[in-house]
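Peer 1: Going line by line, the protein sequences match chains A, B and C. For the first sequence, the numbering used here begins at 1 and goes up steadily by one. For the second sequence, the numbering used here begins at 296 and goes up steadily by one. For the third sequence, the numbering used here begins at 1108 and goes up steadily by one.
Among the hints, erroneous ones may be present.
[Stated by the list, open to error] Quick list of in silico lysine to aspartate or glutamate cross-link-like pairs, EDC-like style, CA-CA up to 16 Å:
| hint | chain 1 | residue 1 | chain 2 | residue 2 |
| --- | --- | --- | --- | --- |
| 1 | B | Lys755 | B | Asp832 |
| 2 | A | Lys191 | B | Asp1005 |
| 3 | B | Lys1093 | B | Glu452 |
| 4 | B | Lys720 | B | Asp759 |
| 5 | A | Lys191 | B | Asp944 |
| 6 | B | Lys997 | A | Asp263 |
| 7 | B | Lys991 | B | Asp674 |
| 8 | B | Lys876 | B | Glu953 |
| 9 | B | Lys389 | B | Glu418 |
| 10 | B | Lys634 | B | Glu670 |
| 11 | B | Lys717 | B | Asp746 |
| 12 | B | Lys1093 | B | Glu567 |
| 13 | B | Lys991 | B | Asp1082 |
| 14 | B | Lys991 | A | Asp262 |
| 15 | A | Lys272 | B | Glu946 |
| 16 | C | Lys1110 | C | Glu1176 |
| 17 | B | Lys991 | B | Glu567 |
| 18 | A | Lys191 | C | Glu1232 |
| 19 | A | Lys46 | A | Asp7 |
| 20 | B | Lys922 | B | Asp944 |
| 21 | B | Lys991 | A | Asp263 |
| 22 | C | Lys1110 | A | Asp7 |
| 23 | B | Lys997 | B | Glu418 |
| 24 | B | Lys920 | B | Glu452 |
| 25 | B | Lys524 | B | Asp759 |
| 26 | B | Lys1062 | B | Asp597 |
| 27 | A | Lys191 | B | Glu953 |
[To be verified] Reference listing, derived: stretches of chain A covered by chain C, where coverage requires no fewer than 3 residues with Cβ under 8 Å from a Cβ of chain C:
| hint | segment |
| --- | --- |
| 28 | 88–97 |
| 29 | 125–139 |
The set of hints was computed from the structure by calculation and includes no laboratory data. Glycine is no exception: its CB is placed at the ideal position from the N, C-alpha and C atoms.
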Amino acid sequence: MAIWRFDVIQPDSLEEAVAALARHGQDAQLIAGGTDLLRDIHLGLKRPRWVISLDRIQALGLISEGPDGSLVVGSGVTMTALGADGRVRGRATALAEAARGMGSPQVRNRATVGGNLCNARPCADTAPPAIACDALLLLTGAAGSREVSCGQYMTGPGQTVRKADEILQEIRLPRLPLHTGSAFLSATNRKAVEITITSAAVRITLESAGGPIREAMIALGSVGPIPLRSPAAEAVLVGQLPVDTLLARAASAAVGDSRPIDDMRAGAAYRKWMVETLVARALQIACQRAREGST
Amino acid sequence: MKTYSVLGTRAPRLDAPDKATGRALYTDDLRLPGTLHEALLHSPHAHARIKRIDAGRARAMPGVKAVLTAADVPGIRFGVSPARYDETVFARDKVLYLGDELAAVAAVDREIALEALERIDVEYEPLPIILDARQALSGTAPQIHELYPGNLSATVEQEFGDLASARSQAYRTRTGRLESEMQDAAFLEPQAALAAFDSQGYLTLTSSTQSVHYVQRTVAMVLGLPAHKVRVIKPYVGGGFGPKAACSTLELATCLLARATGRPVKITFSREEVFLHSRARHKFVHDMTLGADRDGRLLFLDHEAMLDGGAYASFGIATVYYAGSLLGGPYRLPAMRYKGIRAVTNKPACGAQRGHGGVIARALFERLLDELAEELGRDPLEIRLLNMMETGDVTCNDLNMSSLGMRQCLEAVRDGSGWASKRGKLPRGKGIGMACGFFVSGAGYPIYRSDTFHSTATIKVQEDGGGVLLHTASAEIGQGSDTAMAMIAAETLGIPLDCVRVKSGDTDLGVDLGAYSSRQTLMTGHAVREAAAGARDQILGAIAALLGVAPADLVIREGRIAAAREGISLDISAIRDRYTKEHRGWTDNPSSGPLTFREASRLAFLERGTIVGIGNYRPPPLGGKFKGAAVGTSPAYGCSAQVVELTVDLETGQVAIESVTDAHDCGKAINLTSVEGQMQGSVAMGLGEALLEQVKFDRMGKIQNPNLSDYKIPTAVDVPPIRTIVIESDEPNGPYGAKEVGEGAIMPTIPAILNALHDATGIRFGKLPVTAERIAAALRGVALRDDPSAESSSCIPKTGVTPPAPYPPKAG
Amino acid sequence: MRKPLRLTVNGQLHQLAVNPYRTLVEVLREDLGLTGTKQGCGEGDCGACTVLLDGVAVNSCLVLAVQAEGRQITTIEGLARPDALHPIQQAFVDHGAIQCGFCTPGVILRVKSFLDENPAPSEAEVRQGIAGNLCRCTGYQKIVEAVLAAATALQPAQGDGP
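Based on the provided sequences and hints, a complete structural model is requested.
Peer 2: Quick look at the structure:
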């Protein structure tokens, strides 16, 4: 395949980046860490004439406290930084776990949370935990900024609600109630540097340290065109004491909400078994964390 | 065993500092002024007729210096074995697999070369695609390759001993099938080549190859050049494992373009092209029945194998023979029948990969041996000890175990792994398993019928004294052969290792069949030893004459000339004086102690002129007189036993290998660290092939995972600590007792894992790789789509086709 | 289409003119002649092309050269001291951690950044740390041993006295 030629713009500010996107429209792709885009170009899957690099916009790489107690994660924060940050670990453990486990150390040092969410691959690891932790995404375009819940962000493989001139600026992790615990697990073949076959991100909020479940969020990855919630499993859990039999029933119910296909990496049947196994295990961990008071 | 000064140590490898600092140059690192960049046009179809190919638009592009297609080059066939020369540089009438090369471009830069490919107009007529070996052989499939009617690439039928009688005496038999998938060698350095003609018409090809000799012969043959005008060099090579042992279109096209343009031409495969080229592990289906008597003594093996060879023969003839012959040992097996078939399909050609045809066959054999042990109520390790061959035994197919430390290997892993305390005592989900294996130390015969020496070596003593140059055409591909050869030379000469400078991997330096079939330690080692002894004897002859003693009265030891026995006195003062007078101005002339090698080699030059020691090695005629006897013959056999402990997550099916205990008999470890390194690398590769690795094809014959993320070789997290135990059985046919380690060490790994998986789950797996999904499905009692089909009674379909011309060269 | 680019590699500033779509590994190898950085796959799967960007290990095949401007790039050529190997390099040589050597530059650079982050790792942490560097020759055993030895060698000397 012939080498694909493109020009690179390296804006110094978000405004400049938005303007460049607006100017070039469909001919442009954004690049941050480049671990997805450069592969896609290498394989002929994307052919942008303009590549707009966000790497000089320092503000995108910051994690800071928001006004309402939320944690504001710049879209340019790398997986390494996301996984290591104590505030993320304390606030959205599942997201930190997903970040720490994806790809390889070298990839994690470049890949960004914004890129992972915007590329919207069915196997994207940050999406299910971001959804389970009620993340809000701040999109900024020529017309200004708007907030979208992470659960509404992805619409199909590689498809999001982001408009052509918008840049994902921030991921806001709200302060979650006391007695909340979250967990992320994924099924893979090789023990490292893997593409997820199935993943489960769960968040449990208890009424009290020993009390019943007040809220449950279960998001499944790689078992549908986008991350899928499991209303069936959540319905089993809410209002109930988090005992082993309950968690197992919820995990079993989650299978019905998954829509995996057979693909080159694994069959649908295996993915369904993994939904049940991973949800059950993740619920155990999340409930334990909720009881202990970490999130 | 004897103690040595240099051998058996952990001398740091000679090439390690260059590799650690980035100074080591591999083919793609090399630069010549004026080099053109090459790109190859690969077929997008798995099977198609080439109706028309027109390179006019490509040739017209600015910056394009040449475009070659089949019409531009003679259609001389090449391959690995002459009886199966079935490849041409570019596809002529048909393309036979997705990736088959049709044309090559040379341009001023890589971008233009790649763009030019898109301007080569090809009109294809797609033909039916055959991706399944059974279908290819069924008689209803179209003929894929014009040389192979019925798509039959090779067939082997052998029988040894009295099978019928053995069957009737068997107390218990076990029958089973093991099916694998095509796998890849996945060396880190893709193939690369750089070719240039000089103004006298001499061609120099630099290539990432395992055998400069085979490449040289093939290039000379295909280009119509006299071989002495073709020089092939290998620089540092980033791994080979088999696929780089045969000459390829990449190398030939580079030479043809260099000739056509009059400029140097260079190409490096992309990782995807490495997968498209393959020449790696075949897909195998093995059916075996193993029978034993009441005590557990093996009586017979009945074995059929079907190999999916892809579009061309490559090493495949040897593969299909090895699949049978390498089961003749290491156990006493009185009767063995083997029928093997290799089919042609529309996929990349498969060839030799570490352990060659023996690996998957060994896996099934060792699994069935465990099944027999279970049925007879015996410990699997004890049943192996019961049946083990000993040094001096000969297999039913005439393979001579001139040394065999198999018993010591078994005892070492038994004691080193805690086998007795764990066997049968681990909880469900945890398992311990073991297996054995063995392999040739170099094929007994070259791949082309010839009396050629397999290895030659020269050692030139530097005229100014103190050091020697060791020259061979052998291939250091990472296994440590340069260092091992230097150590053999140093030991034989009696000098320190740093007095030996090695140059290798160059056809100008001699003949060496290369790094394949685990041959270099034994074969190149013999030649090097002979050359070193020759150089040593010439030096000692000169010094003896100067000192008025007999040559046999002198030895060289740790860089000094010493008396061979008590009672010989040597007065060196006069000759030392002569040396010193020649070196006025030097501040470090030897002034005390015995005569140094530095002085002696200088004085020997003064007496005799330049001193060169020459070594030539070829094995004696080996093997029986039956057809195919040559394949499997070897001057010596390395052997190995491994114990694997693992944990299975009973819900996800994911396997964690907890530990591996590996004992390998290498005869004599020339470099202990290198031997251990080869054992550990083999185990890791076996682990990958057992659990993770598979080349996947879609219905159109396109590889779905031609990359290193979806073709999964083990990472550092997947491989456990590997405990290595080196056994030394002192092989009489090996230099200093040494024999192989590079391939024998992979043989036990897959079956040890299969046997441990059975221990952990109660399931006997019949399909590789045993992925998490496969295990999870088996634990739930669910069949996977690609499980081996249970209906067919034989893995070999009936074919009425006469096999092609006989191969290999006759033994004896 | 070439654009001016200033790259600081191993402490030395280079003024180049490159096409903006070139990757860092290509520019290092082809434009600067620093062939110590190897390309094993070009897709970020094998780690052979690992370099340090401001001390952080990255796959240089997935970094646009223009993105590396203004950063400190360290390649394998920048590690050894003039008169001696870096302790990590020496440990690799001493422990037989190098066979074909093609993965070696990438592994050594990754180990450098890993030990900078985690100076006293456990064996399991070492294996996780180098998970992004594929090796087909060694089975990783002697690499792990070399890394643990290097970690010890790099610790500041523990004196007996106060």
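Peer 1: Would you pick out the hints that fail for this structure and give their numbers low to high?
Peer 2: 4, 7, 8, 10, 11, 12, 20, 23, 25, 26, 28, 29
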